[in-house]
Amino acid sequence: MKSTEILVIGGGPAGLSAAIEAASLGAEVTVLDSDLKLGGQLIKQTHKFFGSKEEHAGTRGLAIADILFEELEGHQASGKVKVLSNATATGYYKEDGVVSYVVGEDEYVRIKPRKIVMATGAQERLIPFPNNDLPGVYGAGAIQTLMNVYGVTPGDKVLMVGAGNIGLIVSYQLMQAGVQIVGILEALPKIGGYWVHAAKIRRMGVPILLQHTISEALGDNLIEGALIQEIDNCFKPVGSPKKVDCDIICLAVGLTPTCELLWQADCSMKFVPQLCGYVARRDALMRTSHPDIWVAGDAAGIEEASAAMVEGRIAGLAAAASLSHGTPEEHKERSALYHKRLEDLRAGEVGEKIRAGLCEVCCECWG
Amino acid sequence: MGSKRVDVAVIGGGVHGCSTAYHLAQKGLKTVLIERDYISSGGSGRSAAGIRYQFGTEVNILLAQYNMKCIKTLQQDLNYKADIEYDPAGYLWIAYSESQLEQLKKNVALQNQLGTYGSTILNVKQIQEVAPWLNTQGMLGASFNPEDGHVNPHTLCFAYADAAKALGVEIQKQTTVTGIIMKNGKAAGVHTDKGDWEADAVVCCAGAWSVDIGREIGLDIPVIPERHQILITEAVERMKHPMTLCLDDGSYWKQCPNGTFMLGVGREEVKDTSYYASWDYLDAAAKRIVPKMPVLAGIRVVRQWTGPYQNTPDLQAIVGPTPVEGFYIDCGWSGHGLQFGPSVGRIMAEFVNGEKPFIDVSMFRYSRFEEGDLFFEPACI
Amino acid sequence: MKLIENHPILDFHHEDKKKITFSFDGRKMEGFAGEPIAAALHANGVRTYRITPEMKRPRGFFCAIGKCSSCFMTVNGVPNVRTCVTPLEEGMRVETQTGKGVVAAEG
Chain V
0 MKSTEILVIG GGPAGLSAAI EAASLGAEVT VLDSDLKLGG QLIKQTHKFF
50 GSKEEHAGTR GLAIADILFE ELEGHQASGK VKVLSNATAT GYYKEDGVVS
100 YVVGEDEYVR IKPRKIVMAT GAQERLIPFP NNDLPGVYGA GAIQTLMNVY
150 GVTPGDKVLM VGAGNIGLIV SYQLMQAGVQ IVGILEALPK IGGYWVHAAK
200 IRRMGVPILL QHTISEALGD NLIEGALIQE IDNCFKPVGS PKKVDCDIIC
250 LAVGLTPTCE LLWQADCSMK FVPQLCGYVA RRDALMRTSH PDIWVAGDAA
300 GIEEASAAMV EGRIAGLAAA ASLSHGTPEE HKERSALYHK RLEDLRAGEV
350 GEKIRAGLCE VCCECWG
Chain H
0 MGSKRVDVAV IGGGVHGCST AYHLAQKGLK TVLIERDYIS SGGSGRSAAG
50 IRYQFGTEVN ILLAQYNMKC IKTLQQDLNY KADIEYDPAG YLWIAYSESQ
100 LEQLKKNVAL QNQLGTYGST ILNVKQIQEV APWLNTQGML GASFNPEDGH
150 VNPHTLCFAY ADAAKALGVE IQKQTTVTGI IMKNGKAAGV HTDKGDWEAD
200 AVVCCAGAWS VDIGREIGLD IPVIPERHQI LITEAVERMK HPMTLCLDDG
250 SYWKQCPNGT FMLGVGREEV KDTSYYASWD YLDAAAKRIV PKMPVLAGIR
300 VVRQWTGPYQ NTPDLQAIVG PTPVEGFYID CGWSGHGLQF GPSVGRIMAE
350 FVNGEKPFID VSMFRYSRFE EGDLFFEPAC I
Chain F
0 MKLIENHPIL DFHHEDKKKI TFSFDGRKME GFAGEPIAAA LHANGVRTYR
50 ITPEMKRPRG FFCAIGKCSS CFMTVNGVPN VRTCVTPLEE GMRVETQTGK
100 GVVAAEG
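Going down the list, the protein sequences come from chains V, H and F. Each residue of the first sequence is one higher than the one before, counting from 0 in numbering that gives the first Met the number 0. Each residue of the second sequence is one higher than the one before, counting from 0 in numbering that gives the first Met the number 0. Each residue of the third sequence is one higher than the one before, counting from 0 in numbering that gives the first Met the number 0.
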């Protein structure tokens, strides 16, 4: 049976930040990531990030990932952090706190951590329409992986469904890769993403069709086209559907937090629409109702990479502090700093939804 | 919360509760079925989902004959639209020791004597014919019945519940029984967290949870809950393989109709109704079962879950009236209860209605423990 | 579906990667060692990975993070392999999976 002081499940922005923070205070950390490459969704982002200087505003996502990797490598070299990729956590056993994971297809391992940070991220949602299972209907994250990580185009003509930030950004990234965007459909009467992203797309001549949805995907064995449908404020169809040609339908219709391990640990969970699904209740230091488990990043509520990194820092700090790493002064100073950063990130109109969602699941303390 | 009135209140929405409610309604008795979570959420839905002829005591064999007859046409009889999935892949009880083989021979002889001719003893060569994927090294023989098999434990409950509802039974889900209403020493209904139900009779089909209900009215029901675990694999194409059980080491495994393999191991387990699975269970299952069927090494485990056995001192059920007038009990099925829903549901309704049960179940009486009249069921795993 | 050679921001250095051969339904193909099988199939123009057991419908890539089971294929005789997170190896036998897959006889 392996053991570790702090197990971080998920090597994306939240997980890596948690690992770095905990190691910087002297904790011994093991990071598990189910993908072949670390970095979660960060390594797929070619656009420049917003936020403050500390969150590397103005830097591209994959460059931010490199910054994190460099910091991590320092701790790996000193032996404080061990990282396992292609390693999927398959279970949390409540009776004794053991975590099982599988490396690749063949190696089955059990580890007993003293503390855990769950940074398991999120997964794509799917909307129902006839033929939504045909090859060629892909999630937005999947297209980013293919395109930005492995350098392969998914197809030639993409119909994008969803004009939130992800839909807009991925459309732009597809065009950078030489792929044509046939159009972007948005069911609501307004664009959900940041105006700056939408403006860039419009300038390149891509139609953004508000109050439109996909009513059917067309094709026998592969996507060959789609029927798009105008809808009214009650989402009822207006007029007849129009046919468009495409060979890829990209669904950017939202994410939902990945929480299975938290359920297995019997953490107190709540369904919060603003956070996009079931999430764990947590205190100000990101600790769940389970005294040995913290949560950070999209798994704690769908937000974005900058917030994920800061939440990761807080969770890593708290987990390390619970094992008496670092001094009380360090804890106080860093905690104040990180909470201020989160406040700034979530300020104003842009952060309204998140703040409302967080009210539902934040506890003063677990008493 | 006002009080409502029915003829009978049934506690527990597993297969016994649903079947009992259905049979009561068929007799024209106004019935309410109270389930604390959702139908089949207790032991029924978590079970290994088996149904078989093969038992080692007379009463179980006779009841099993009725169960097996019923299951073949149950879907049509209850007019149920989904699939109960009765899948007769056969039950193969394998023996590695002389004593185990002797017991299997006794079981089969008794079954044949009582009219179940399809059960036979197989030698190693015959085992290889019915179960070609087994490693028969060390096996001495087995008992086999090709009609034994699998049933979908959820849809089995839903089928009875839907049929009961169609006959006017009120089903109260997400409702917890908080106590028994007593009047002059007689059971006169149930208290629930959503109101009271007055009734002339109460039937307790609450499985492992019957103990708490009984204790409150002075009944000492000798059921000890025991957590059992099971695992399920990914689905693969159907292979020729019967449900295989080994009493020498407590292991059992089968392929379900959808292609997944279900693996179970009976061993030292916590004596409670907790639903937490343990990691060492996976080791136990793999160590005991894979050597017996090497091809399983290449199949992936997808999920494991737990379910409570409700064990009595002789691993036989407790069925019928109790010292508390108006309070009937149907529990203690020690890991083989799901399949007795058809027969015992009918018998409970007969008890309540003052009829003689169509099969004599006096051996299951509650008083046998006090009387010291225990009788063991050998075909239990 | 093709390899991206010119990108305004990213430089994939495809020419520096280790090229290996594998087979798809008996056809010889090339891909890069250690990258997901699904990426190699896309680069070779292949998008259909399996035919579903009950309704016989074609399926391919969807989530790319090993969560949805859409991309299952039979690889070296082993069914239900998540091609989106399984690294490509020299000589791999990748096959369209029809139905549930037959368990490999050697464990």
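Take these hints with a grain of salt, some might be off.
Listed next, the in silico PhoX-like pairs over lysine-lysine satisfying Cα-Cα at most 20 Å (straight line) [to be verified]:
1. H:LYS239 - F:LYS66
2. F:LYS17 - V:LYS36
3. V:LYS156 - V:LYS1
4. V:LYS36 - F:LYS99
5. F:LYS1 - F:LYS16
6. H:LYS29 - V:LYS93
7. H:LYS29 - H:LYS164
8. V:LYS269 - V:LYS156
9. V:LYS156 - F:LYS1
10. H:LYS239 - H:LYS3
11. V:LYS36 - F:LYS16
Think of the hints as simulated: they come from the structure by calculation, not from any bench. Keep in mind the model is a prediction, meaning the values are calculated, not measured.
Regarding the pair H:LYS29 and H:LYS164, is the alpha-carbon distance no greater than 20 Å? 11 Å, holds
20 Å limit on alpha-carbon distance, applied to hinted pair H:LYS239 and F:LYS66: Since the Cα atoms of H:LYS239 and F:LYS66 sit roughly 31 Å apart, the hinted pair is violated (cutoff 20 Å).
Hint check: V:LYS156 vs V:LYS1, CA-CA at most 20 Å. Holds or violated? 49 Å, violated
Straight-line alpha-carbon gap V:LYS36 to F:LYS16, limit 20 Å: 15 Å, holds
Going straight from one Cα to the other, do V:LYS269 and V:LYS156 come out at no more than 20 Å? 40 Å, violated
Restraint check for H:LYS29 with V:LYS93, where alpha carbons must lie at most 20 Å apart: Outside the cut-off at roughly 43 Å; violated.
For H:LYS239 and H:LYS3, compute the direct alpha-carbon distance and say whether it is at most 20 Å. Violated - the C-alpha atoms of H:LYS3 and H:LYS239 are around 53 Å apart, more than 20 Å.
Taken at face value, is the distance from the CA of F:LYS99 to the CA of V:LYS36 at most 20 Å? Violated, at about 29 Å.
Given the hint that V:LYS156 pairs with F:LYS1, does the C-alpha gap stay at or below 20 Å? 13 Å, holds
Assess, step by step, whether the Cα of F:LYS1 is no farther than 20 Å from the Cα of F:LYS16, and give holds or violated. 16 Å, holds
For the pair supplied as a hint, F:LYS17 and V:LYS36, confirm whether the alpha-carbon distance does not exceed 20 Å. 17 Å, holds
Hint compliance for this structure: hints 1, 3, 4, 6, 8 and 10 are not met, and every other hint is.
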